[in-house]
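K.L.:
Residue numbers (the working numbering), protein chains in the order written: chain L, 7 to 256; chain Z, 110 to 356.
The hints are simulated quantities; they were obtained by calculation from the structure and are not laboratory data. Think of the CB as a built atom: it goes at the ideal place given N, C-alpha and C, for glycine as much as any other residue. Treat each hint with caution, since some may be false.
[Said to hold, decoys possible] Derived DEER-like restraints, expressed as beta-carbon distance ranges:
no.	chain 1	residue 1	chain 2	residue 2	range
1	Z	H276	L	R190	34 to 44 Å
2	Z	D304	L	T150	21 to 31 Å
3	Z	R203	L	L37	46 to 56 Å
4	L	N105	Z	D245	52 to 62 Å
[What the hints assert, rightly or not] Sample of chain Z residues with no beta-carbon within 12 Å of chain L, all distances over it, derived:
no.	residue
5	P149
6	S155
7	L196
8	A234
9	G356
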Amino acid sequence: MTYHIDERERSLGDSAAVVTVRSLTKRFGDLVAVDDLAFSLEAGTITGFLGPNGAGKTTTLRVLLGLAEPTAGEALVFGRRYRDLDDPARRIGAVLESNDFHPGRTGRNHLRALAAAAKIPFGRADEVLALVELEDAADRRVRTYSLGMRQRLGLATALLGDPELLVLDEPANGLDPAGVHWLRGFLRRFAEQGRTVLVSSHMLAEAALTVDEVVIIDHGHLVATGRLGELTQGGRTLEDVFLGLTGAPT
Amino acid sequence: MRALLRSELLKQRSTRTTLGLFAAMFLLLILAVLLHSLLPTQALRSPNNQLTILGRGEFLGALFAGLVGALSVTAEIRHGTIRPTFLVSPRRARVVWAKAWACVLTGSVFGLTAGAVAVAAGAAAFRARGIDLRLDGGDYVLLVAGATGAAALWAAIGVGVGAVVRHQVPTVVGICAWLLFVEGLLAGDLVGLGDVFKFLPGSAGEAISGQEPGTLLAPGLGLVLLGAYAAASALVGALATSRRDVG
């Protein structure tokens, strides 16, 4: 019997490494924010990037997205450094802060300014506004938006380029229960199209409902990674696992 | 680069900041020219003073264009929009360079307006005082064209300063202080600089609009020198931005 890898399998094999973090270290002076961290993400999954406050989640995401230089090691998206990607907005959408808007600019113009830089047609700004249900507020200045609306405008910003990978830092902050429910459904549908989500969170109950995979870090180190179902075997909740691993009092 | 330029111009048009600065410049300009026109008749008859009064367009145009340039960087850092900006365009030096060019365009509109308004308001004020303007056509062309060029280049200087300093308040205070009195103090020779002050950027800008011929550089030289300051400032800003982590 001969084995042969057909093209479809091979392309799946390539796309499996959507994110590769290898021996990543980031220091700020004497502070080691990320320490020899390694993990990778498969296409079509939602991965929860979990850890206590100050564990190094945001720093890792900033390095991954080319906003900060690693002290050592590397963080690659689609096999390349973020800043070496030809058209990053069409491959990766990311939200790091919930309020990265000029308060005096309208939601629509916020999206248009970024669309112009990425050579994305303005019509796409209207599409993503509809996707996050902000059409009615599109021509209001962001100063008048609630926190939940800002979260959705951030998500719309990330979706401008119709990306294959979404990277979200604490996207559920400030969302009401209906908003959280909506976000969960949205991320699920996004992943079902074979796309990938990396979502950092410290809201474990919510993460447990949303993610397939988890990467748990503490003090900049990887402490656990794997399928959510495997980590929570034997009736343990994600919270039990997390608190056990991160040494917090239970 | 055209895509980035288009993005930067859209950013400038889509908040009230640019328009607010433009309005402030316009009002201050009228005020400055009118206050100067209250000087004694004897002082107003001197062609050099006439040139200085009508040259307020260059001064305020350069100042406000410098602020437009600085705010194009510091406002993005202050409000956090710098993050999505760099996510879309991770080659940060190119973003700073595009900001510099966008601000050169906007700054030239500021300068052209300021130059023309100062000449028109000055001419009206002198007529009201019954004093003849002893300037020729070449002086007027230089006043308006010089204001345009100086403001365009000062906008690029502002971009570089903003990209290096990053914090909005110190950047704005620094640019205002430099143009409003630091260079003036140096020109007053408090620190024994001799006539080196004419090579400083504020004086180079004034030289472009034909101010104080003989004391300052010739207009063409002023333009070249200020252009070098603008290019150096934008370049340093681009380098600093591409090397430092984004907060």
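K.L.:
If you check the beta carbons of R203 (chain Z) and L37 (chain L), does the distance land in 46 to 56 Å?
P.N.:
For R203 (chain Z) and L37 (chain L) the Cβ distance comes to about 31 Å; the hint is violated.
K.L.:
Between D304 (chain Z) and T150 (chain L), is the Cβ distance one that fits in 21 to 31 Å?
P.N.:
violated (55 Å)
K.L.:
Can we trust that G356 (chain Z) is non-interface, i.e. its beta-carbon lies farther than 12 Å from all of chain L?
P.N.:
At about 8 Å from chain L, G356 (chain Z) fails to clear the 12 Å cut-off, so the statement is violated.
K.L.:
L196 (chain Z) clear of chain L by more than 12 Å, beta carbon to beta carbon?
P.N.:
violated (5 Å)
K.L.:
Check the following: the C-beta atoms of N105 (chain L) and D245 (chain Z) are separated by a distance inside 52 to 62 Å.
P.N.:
Given a distance of about 56 Å, which is inside 52 to 62 Å, the answer is holds.
K.L.:
Note whether the CB distance of H276 (chain Z) and R190 (chain L) lies within 34 to 44 Å or breaks it.
P.N.:
holds (39 Å)
K.L.:
Just double-check A234 (chain Z) for me: nearest Cβ-Cβ distance to chain L has to come out over 12 Å.
P.N.:
The assertion about A234 (chain Z) holds, with a minimum of 35 Å to chain L.
K.L.:
Find the nearest Cβ of chain L to the Cβ of S155 (chain Z) and say whether that gap is larger than 12 Å.
P.N.:
holds (45 Å)
K.L.:
Does the no-contact call for P149 (chain Z) survive, Cβ to all of chain L over 12 Å?
P.N.:
For P149 (chain Z), whose nearest Cβ neighbour in chain L is about 45 Å away, the distance exceeds 12 Å, so it holds.
Taken one by one, the earlier hints fail for this structure at numbers 2, 3, 7 and 9, listed in ascending order.
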